[in-house]
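Sequence positions in the sequence shown follow the numbering used here and run 1 to 264.
Keep in mind that the hints were calculated from the coordinates and are not lab data.
Keep in mind that the hints are not guaranteed to be accurate.
Taking lysine-lysine pairs in the DSSO-like style, the calculated list, with each CA pair at most 30 angstroms apart, reads [stated by the list, open to error]:
1) Lys97 with Lys146
2) Lys211 with Lys146
3) Lys62 with Lys211
4) Lys211 with Lys221
5) Lys100 with Lys62
6) Lys243 with Lys97
7) Lys114 with Lys179
8) Lys243 with Lys209
9) Lys151 with Lys196
10) Lys97 with Lys62
11) Lys14 with Lys115
12) Lys62 with Lys146
13) Lys133 with Lys146
14) Lys62 with Lys96
15) Lys100 with Lys243
16) Lys196 with Lys177
17) Lys62 with Lys221
18) Lys177 with Lys243
19) Lys114 with Lys133
20) Lys211 with Lys243
21) Lys151 with Lys243
22) Lys100 with Lys115
23) Lys146 with Lys115
24) Lys151 with Lys221
25) Lys196 with Lys243
26) Lys196 with Lys179
27) Lys151 with Lys179
28) Lys14 with Lys100
29) Lys233 with Lys96
30) Lys100 with Lys196
31) Lys233 with Lys221
32) Lys151 with Lys233
33) Lys14 with Lys146
34) Lys114 with Lys97
35) Lys177 with Lys233
36) Lys221 with Lys196
37) Lys114 with Lys146
38) Lys196 with Lys97
39) Lys209 with Lys221
40) Lys151 with Lys209
Here the structure is a predicted model, which means the values were calculated and not measured.
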Amino acid sequence: IGVVSETADEVVVKAGAGIVWDDLVAYSVEMGWGGLENLSNIPGEVGASAVQNIGAYGREAKDTIEQVECIDVESLCMRIFDNAQCMYGYRSSIFKKEMKGRFIVTAVFFRLQKKPILHLEYGNLSTVLSSLKEPSLQDVRNAVIKIRSEKLPDPDFVGNAGSFFMNPIIPVGQYEKIKADYPDIPSYPAGLGQIKVPAAWLIDRCGWKGKAEGGAAVYEKQCLVLINQNHAKAQDVLSLAEKITISVENRFGITIHPEVNFID
1 IGVVSETADE
11 VVVKAGAGIV
21 WDDLVAYSVE
31 MGWGGLENLS
41 NIPGEVGASA
51 VQNIGAYGRE
61 AKDTIEQVEC
71 IDVESLCMRI
81 FDNAQCMYGY
91 RSSIFKKEMK
101 GRFIVTAVFF
111 RLQKKPILHL
121 EYGNLSTVLS
131 SLKEPSLQDV
141 RNAVIKIRSE
151 KLPDPDFVGN
161 AGSFFMNPII
171 PVGQYEKIKA
181 DYPDIPSYPA
191 GLGQIKVPAA
201 WLIDRCGWKG
211 KAEGGAAVYE
221 KQCLVLINQN
231 HAKAQDVLSL
241 AEKITISVEN
251 RFGITIHPEV
261 NFID
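Construct all of the structure, not just a fragment, from the sequences and the given hints.
Right, here's the structure in full:
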């Protein structure tokens, strides 16, 4: 991890792709640089953040990524992608779609703020921090870690890939029709005329919490997570995911898509 450039207000940091993601977050918070704190405690490495556009609590990696340094596996030449060239979307990038398998990420450049603006609007983050008049970056990080540890299993002890499904984004009209039948459905704005609905809520309402398929199961504390409960095979996970997807579509008319990557 190294500083590439800085001004009175910002700092651009270069982080190697193999660095543990949460180590980078911890370092940035320790230095007082804002931008990554909401993404605390996400498993994985820095390189994956640029491919997956990881996100949590209303923030995404793309909000701070300045550039992505890669090696072209065909020419073996280095190439730098700026933020726009990465074509970031919700849990998506050019590295997951058009250029999948073409580049190896070697480093990621992040633009962080020396005078941070906290983002506490998403989920129950503001509730956890409500007792603090002026929460610090470390307070936000601690709150995120606390919330995540309470509802997400530690992959070191319970096999899982984190959030298995993406939260679907649907038209407002479709959301209003569903809300008429399910008044308690949670939602978040997702751009003009669109609403983001928590996939976990949809899965829970379909009765999947704790259900198993072979050795795979839906995590009791968070329906968005599929776990290896008893020596699960890949087919167990795929079968469970397919059944969940079908049941959500049949009940709500919403197709949920995997957030995870499948490796052949």
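Query - Broken hints, by number - result: Hints 1, 3, 7, 22, 34 and 35 contradicted; others consistent.
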